[in-house]
Each structure stands twice: as structure tokens, then as C-alpha cells.
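Q: Spelled out from the first residue to the last, the chains are:
Protein chains: 2
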Amino acid sequence: MPETTSEFDRGIALTPHPEEPGRYDGELGEGWQIGGGVNGGLLLAFAAHALALEAGPGHPHPLTVSGTYVSPSRPGPATVRTEIMRRGRTLATGSAVLSQDGEERLRVTAAFTDLAALDDEVATTAVPPVLPAPEQCIGIEHAPKELIAQAALLERMDLRLDPATVGWALGQPSKEGRIQGWFKLADGRPADPLSLLLTADALPPVTFDLGRPGWAPTIELTVHLRALPADGWLRVSHATRNVAGGYFEEDCEIWDADGRLVAQSRQLAKTPR
Amino acid sequence: MPETTSEFDRGIALTPHPEEPGRYDGELGEGWQIGGGVNGGLLLAFAAHALALEAGPGHPHPLTVSGTYVSPSRPGPATVRTEIMRRGRTLATGSAVLSQDGEERLRVTAAFTDLAALDDEVATTAVPPVLPAPEQCIGIEHAPKELIAQAALLERMDLRLDPATVGWALGQPSKEGRIQGWFKLADGRPADPLSLLLTADALPPVTFDLGRPGWAPTIELTVHLRALPADGWLRVSHATRNVAGGYFEEDCEIWDADGRLVAQSRQLAKTPR
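Protein chains in written order, with full-length UniProt numbering: chain P, 1 to 273; chain X, 1 to 273.
Okay, chain P solo, but in the shape it has when bound (with noise of 0.2 Å):
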């Protein structure tokens, strides 16, 4: 792999096995920890990264891609085994399964298009969030040590959060049960379908806003792709309105620097206790 990859590209570089075709082999690193473990959305790209390489010509890009998480990952070696279902006009859809040491993490399926080649048509009416100018955001140089060395993933981005929404980090949650803000790879690599669905589980769980703060684990994360992104800053927003019986929905939306709404995706996540 050449030196001049970027961090992500590195955290999602797999090598085809030499004798199991469509079996794949990487290392999760420990750069996209998370309370121990590997962020949810680093490994549902991995593992997509794996299917994008099978799916072939005409069907370059994830157009929806669903995880259950299986059990939780930690930074080490991991395979991908992929299954192609079907390889359409316009769509391909597979499965693949992510373990390590044998052990099942993760298990996608999703399906590819080519998202260059969507119809013109926008007929969107959901609006962005409107967010202060990244530099009157607060980036994670004002975040807690604590947090920081809880997850190494946030050094790999450089976030600004909307200063409405992080009353949490000062013991001050708005309840609104929303966090939003401006997402881009620290090291500049422009987003694209895959680092999208990185960015979709990449922001502090939304129930930080609701004054529960600790890691909420993810049982299934589904991610919608729904065009190339402008390069510049994205801007990412988190709710949730279901806090019911120890689980909760977040849903995010990333909208890109043309005011396009490129990426939504629902989690179920553990409620933190």
C-alpha cells in the first residue's frame, strides 16, 4: 500500500486471500478505539470495503448498507468473507461477515450502484442543520482528556461541534436529545461513500445530550448513501425521540458542502446506564 494513504484508507486496507476467493484480510487499528472497542462505523466501512471490491464493474459505490453487531471487536487482525447475491443492471447486493480469531463482530449486507450515474432529480424537503461557522465550534481540543483517551478515533477527525449542543461536556445537556456539528478526516482525505459510513457512528452517542453519558453500544446500524459528497466540510447531525426499555434510535444525517443530503442512518444502540 503506498505511504501516501491516508489514515482511513490505512484503516480500511484489506488484501484478497491468496486461496478463498472473496475472503479478505486487514488489521483494525488501534487509532479507531472506542471505550475498547473499534468503532462501529470504521467496521461496518471495512467490512463494505470488502463487498465493494466484489461487486465489480458498474456497481462502485454502497447504496444501503445494514450491520448487526455480533459481538464486540478490538484493535488486531480481521477477515471479511464475502457472498455476492446478485449482480443486477444497476444494483448488486451482498453479505459479508467481519471476524477475528474466528469469532464473529459483524455481520452486513448491503447493496451498490454507481452513484455517479443516479438520475439529476432533487426533491428533497428535510433542511441542514443550521450550525455556527466551523471556527465558532467547539473542536476536541477543548474535550476532556478523559474522553480523548477513551477514543483514539476522535484524533482521527476534526469535529466542531455546535456549542447549542454540547452543553454535556460542561455537566449542562440541552435534554433536546440532538448533537450536531461539522465532520472532516483530520488529515484531509475528501469523503467519500465508504468514509460516510465512518461519519455516520463517528459523533459522541446523542444520549450524552440527554445527560447520560458512557458508550451505547450498537446492536444494528443501517446507513442510506445517497450521493457522491461534495468535497469540504460535512455537516452531521444526531437525534433521537425513542428512549424506551434500555435501547434508543439515533439517526443521523450528513449533509455536504453543496447543501446536499448525502448520507442518513438509523442505529439501535444500548442506552447507557
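Bear in mind the hints are in silico, worked out from the structure with no lab data behind them.
Even for Gly, the Cβ is constructed at its ideal location relative to N, Cα and C.
Hints may be right or wrong, so weigh each one.
Label-pair ranges, simulated between beta-carbon atoms [stated by the list, open to error]:
1) X/H142 with P/G139: 54 to 60 Å
2) P/P21 with X/G58: 36 to 42 Å
3) X/K145 with P/A164: 52 to 58 Å
4) P/P72 with X/G259: 34 to 40 Å
5) X/P144 with P/G36: 56 to 62 Å
6) P/K145 with X/G58: 48 to 54 Å
7) P/G188 with X/G58: 44 to 50 Å
8) X/K175 with P/I148: 43 to 49 Å
9) P/P16 with X/K145: 53 to 59 Å
10) P/G188 with X/I148: 55 to 61 Å
11) P/E19 with X/S71: 29 to 35 Å
Following the hints, complete the assembly by docking chain X onto the known chain P.
A: Using the frame of chain P, we list chain X on its own:
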């Protein structure tokens, strides 16, 4: 199977294969057709039923079910092959392949739990849709005959749509991208987590309300089941906010008679031409 079984239970009835562990056979009924294919929610329930039978004691209910639709299904025999990835203390995860004549129709991954054992806390901030009483809503007796002819599915349910969101039936769509109403199974079978999987995909596509009639093939559908539904009418809302590039997302909420948000789903579907 007892003759008293409901239409829905017959629709998802399965026979374990005598020689192949984890395999179940059944029949996709003509009564669940929509536009020539079989309703995607019924397919999801059919596959999840097989997984529920395999998940074992302690995990009787689906918590999350994600389906990627591989090829169009049709009435007739169908097979589900299941694989349980992990049986934990509170969660079991599994994957299922639904096929007909050896051709894959649907790939499902799911997590199962005991919804009756969830903790009691409900801190939901979402609010249920405001609807006129069922008797002031529009039943399928008012639907165009051509619609019913293409959607036998509608006869399996007692669906009462909010008059404010059925202008499309008279050529006057609201253009708000919302369809909502009351839902019950026509034969009075009480709702449960498996029937909610059907309910999540049972209303006409929300694009009808945008003045775009026509069927909208589902690419991916994920449903979160958040509580056991109380007996009685369900309130169901469908909404979309991102119609672009030939696809749209459809968010569904299902509220039970006790005012609990019992299921949330999102699908990506092709926008009708």
C-alpha cells in the same frame, strides 16, 4: 396447523425441514400480493418467523430486522435457511436467506430478545400522529377497484387512512410526503412483533402523496421493534424527506393503543416513474 389460525399466521406458516437443520419451508400466499409481487413486509415477517423459531428460549421476539431485497418474489413455495450467529444472555443474532426455486429473494439479519423483559423506562419524546377517529377515516371500500385488483394485500387488513393524507386518491395529493391512518388485521388477529413487520410496509407508498402513483420496489427495509403492542388499533405514519436520484426513504412509525411507539422502520425504495 389448526384451522383457527389467522390469515397472517397462515401467511407466515413454516414447516421445519426433516433433514436440513435450520431450514423451513412455507408458501407465499396469493392474498399477500401487491403489484404482481409479494408484499415486502410479509416477506420480512416470513423470514423473521424462521429466525424466531431458531433463536431459542429467552429470545422470542425480533428487536431489529434488516432485509435487503435481492429479486422479486411471487406467490408459491418458499424456503428460509437460517443461521444463528450468537445466542447471548439477552440478545441472539441471526441471518436468513429466503429463496424460491433456488433463487434468493431476500437476505435478512436480525437481533432477537425478550421484549416482555425490557426495562420499564419510557422517555420517548416523539408524539403519535393526530388522526380523526377510525370511523371518520377512509377504508378500502373507497379505494379504486384497479388498486384493489393489484393489491390483494389490502383485503387482509382493516386500514383507515386519514382523509388529510388521501387526496391523492382523488388526484389531489397533499405533496407533503405523508400518509397516515389506523391499522388492524382484517380477521382481528392481535398485533405482535412479527405482524408489526408487515404493518411497517403495508400502507401505499408515501410517494402517492407526492403525486407519484405507482409501486415503489423496496431495496432495503429495517424495522426496530421496541415494545409488545397493546391490543387494539395501531396508528401508523409514513413520511419521506429525501426524494432524490431516483430513490426515496420511507420512515414508518407504529403506535399502539396505549400510546407507545412500538415500532420504527425505514426503507429505501425506488421512486415510481
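Q: For every hint, state whether the structure bears it out.
A: Tested hints:
Range check, X/H142 to P/G139: about 57 Å between beta-carbon atoms, so the 54 to 60 Å window is met. In this structure, P/P21 and X/G58 meet the distance hint of 36 to 42 Å, their C-beta atoms being roughly 37 Å apart. A C-beta distance of roughly 53 Å is found between X/K145 and P/A164, which places it inside the suggested range of 52 to 58 Å. For P/P72 and X/G259, the hinted distance range of 34 to 40 Å is satisfied, since their beta carbons lie about 35 Å from each other.
At roughly 57 Å, the beta-carbon separation of X/P144 and P/G36 lies within the given 56 to 62 Å, and the hint holds. A hinted range of 48 to 54 Å for the beta carbons of P/K145 and X/G58 is inconsistent with their spacing of about 41 Å. Against the hinted window of 44 to 50 Å, the Cβ-Cβ separation of P/G188 and X/G58 comes to about 48 Å, which satisfies the hint. Take X/K175 and P/I148: their Cβ atoms lie about 47 Å apart, and the range 43 to 49 Å holds.
The hinted range of 53 to 59 Å is satisfied by P/P16 and X/K145, whose Cβ atoms lie roughly 56 Å apart. Range check, P/G188 to X/I148: about 57 Å between beta-carbon atoms, so the 55 to 61 Å window is met. The hint said 29 to 35 Å for the Cβ distance between P/E19 and X/S71, and at roughly 31 Å that hint holds.
Going down the numbered hints, you'll see the structure goes against just number 6.
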